[in-house]
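Sequences listed follow chains P and X, in order.
So the first sequence is residues 0 to 296, counted in numbering that gives the first Met the number 0.
So the second sequence is residues 0 to 166, counted in numbering that gives the first Met the number 0.
Hints were generated in silico from the structure; no laboratory data involved.
Ideal Cβ placement from N, Cα and C applies to all residues, glycine included.
Heads up, none of these hints are tricks.
Sample of chain X residues lacking proximity to chain P, with all beta carbon distances greater than 10 Å (derived):
hint : residue
1    : Asp51
2    : Lys52
3    : Ala53
4    : Tyr55
5    : Ala56
6    : Ala63
7    : Arg66
8    : Lys68
9    : Arg69
10   : Glu73
11   : Met97
12   : Arg108
13   : Glu109
14   : Glu111
15   : Gly118
16   : Lys152
Taking lysine-lysine pairs in the DSS-like style, the calculated list, with each CA pair at most 27 Å apart, reads:
hint : chain 1 : residue 1 : chain 2 : residue 2
17   : X       : Lys152    : X       : Lys77
18   : X       : Lys102    : X       : Lys152
19   : X       : Lys68     : P       : Lys167
20   : X       : Lys60     : P       : Lys109
21   : P       : Lys125    : P       : Lys182
22   : P       : Lys109    : X       : Lys52
23   : X       : Lys68     : X       : Lys152
24   : X       : Lys60     : P       : Lys167
25   : X       : Lys52     : X       : Lys68
26   : X       : Lys102    : P       : Lys109
27   : X       : Lys68     : P       : Lys109
28   : X       : Lys152    : X       : Lys60
29   : X       : Lys102    : X       : Lys60
30   : X       : Lys52     : X       : Lys102
31   : X       : Lys152    : P       : Lys109
32   : P       : Lys170    : X       : Lys68
33   : P       : Lys109    : P       : Lys170
34   : X       : Lys77     : P       : Lys170
35   : X       : Lys52     : X       : Lys152
36   : P       : Lys167    : P       : Lys109
37   : X       : Lys60     : P       : Lys170
38   : X       : Lys152    : P       : Lys170
So the chains spell out like this:
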Amino acid sequence: MPVPKKEWICSSLFALAICLSFCPRSHAQESPYIVAYDHYLEEPGNLDVEYFSTFGTQRGAGDFHAFWMEFEYGATAWWTTEFYLDAQTTFHDSTPFTGFRWENRFRVLKREHFINPVVYIEYEQKNGADKILKEVEGHDVESDYAVANFSLRQEHDRELEFKLLLSKTFKGWNVAVNPLAGKNLSAGHPWEFGYAIGASHPLALAASPNRCNLCRENFIAGVEMYGGLGDADSFGLHDTSHYLAPAVAWNLPSGWTLRLSPGFGLNDNSHRLLLRWGVSREFAGFGEAVRQFLGRL
Amino acid sequence: MRVGLRNPFRCLLAATLLTAWFAVPHGLGLPLASANNSPKRQTDNSGEASNDKAVYAELAKAPAEARAKRNPFENDAKSIAAGSKLFEQHCAECHGNMAEGGKKAPSLRENEVQRAEPGALFWVLTNGVVRRGMPVWSKLPEPQRWQIVSFLKSLRTDISKQSASLP
Chain P
0 MPVPKKEWIC
10 SSLFALAICL
20 SFCPRSHAQE
30 SPYIVAYDHY
40 LEEPGNLDVE
50 YFSTFGTQRG
60 AGDFHAFWME
70 FEYGATAWWT
80 TEFYLDAQTT
90 FHDSTPFTGF
100 RWENRFRVLK
110 REHFINPVVY
120 IEYEQKNGAD
130 KILKEVEGHD
140 VESDYAVANF
150 SLRQEHDREL
160 EFKLLLSKTF
170 KGWNVAVNPL
180 AGKNLSAGHP
190 WEFGYAIGAS
200 HPLALAASPN
210 RCNLCRENFI
220 AGVEMYGGLG
230 DADSFGLHDT
240 SHYLAPAVAW
250 NLPSGWTLRL
260 SPGFGLNDNS
270 HRLLLRWGVS
280 REFAGFGEAV
290 RQFLGRL
Chain X
0 MRVGLRNPFR
10 CLLAATLLTA
20 WFAVPHGLGL
30 PLASANNSPK
40 RQTDNSGEAS
50 NDKAVYAELA
60 KAPAEARAKR
70 NPFENDAKSI
80 AAGSKLFEQH
90 CAECHGNMAE
100 GGKKAPSLRE
110 NEVQRAEPGA
120 LFWVLTNGVV
130 RRGMPVWSKL
140 PEPQRWQIVS
150 FLKSLRTDIS
160 KQSASLP
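Please model the complete structure; the sequences and the hints are all you need to start from.
Have a look at this one:
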């Protein structure tokens, strides 16, 4: 007999909360990127719980607030797996759940090199009302989002997405370049392409001896740029949207990280503003806590 | 949108996720995360001891150029204090609060570490020992990695003092 959905979700969240209560906090050193990725993976056994919001302006319809939860787990030192739940509110419209994503990142080389590649594979199951804009690909343009949620929700997509995360850190600077290719698994959709690039630098390179919230080394500032590159049938920049987004991350000694990033559309096909913010907390030894919890049952 | 587990693909997805989250680190014999107050590991346990040796052996793999690098913060008291703070934030979770070792990672007070050149320690910190569960730490800026090396090297003095005070 199938377990009712509400009870299943409540039980899962309750079990997760109990496991997290056994986990010590861990000081994260998160980059300010929200769309781009560097080559650093989650520490093995740690769980990073993240919440992100995107406020977007929309010409021709109501502005929107899209939000998502991320559960990022370091399965090994070379494999990080991540689960997302996405939703959005369109002003003067409605608030639908828009889908889930499962992402995996695999470190290819065992040591640091001039450029460090990480392979990214993601499966998405979402409806057309998804507006988190976690990546921009193909011919995604602002007018695609100017449709009522009721209509957008009729469209159901299953997508596979591949990225090559190339990143290098030198003298405190991190530079990341992420080409991407995505395929809607429904018949008749061509491969779509996009990119994200980012650069970041901490405000101070050396750490101060004292434990402090406002030390300069706790802040990392950066900028990212992302957009679509068309699809296999019409590759190029025509009918694509692009964004430039300064970003800052504040890594608190308590284990919390706060991020803020105002993104600006670079052409007429782009939303004028995508204001993103997020909060995350890393829990050390989550895998071990789960095993201990299950062992007690 | 319906979310359920009756669809075979979703069942497969859920099973793979659960495997990745809870089983893979054990199955591959990889070390697991532990709490900060984890006790010193028993190094006579053959599995953990061999993993420790493999991790220590990485120090010997540091290229000559890396070994020859000098710590710009050598013997700097403030850097040792900063390194201690950084160690607590990033390393103690696996290596133990006093660097005595945990379930997941070896002691950094052993001779293999204390006798290693600062450049070799910096190299291992930068590159990690990914196949043995230690992540790369090049995301910490270079000065912070040297501060951690300063702290690790200061433990040698602690050990000497402790030995001298024994009857």
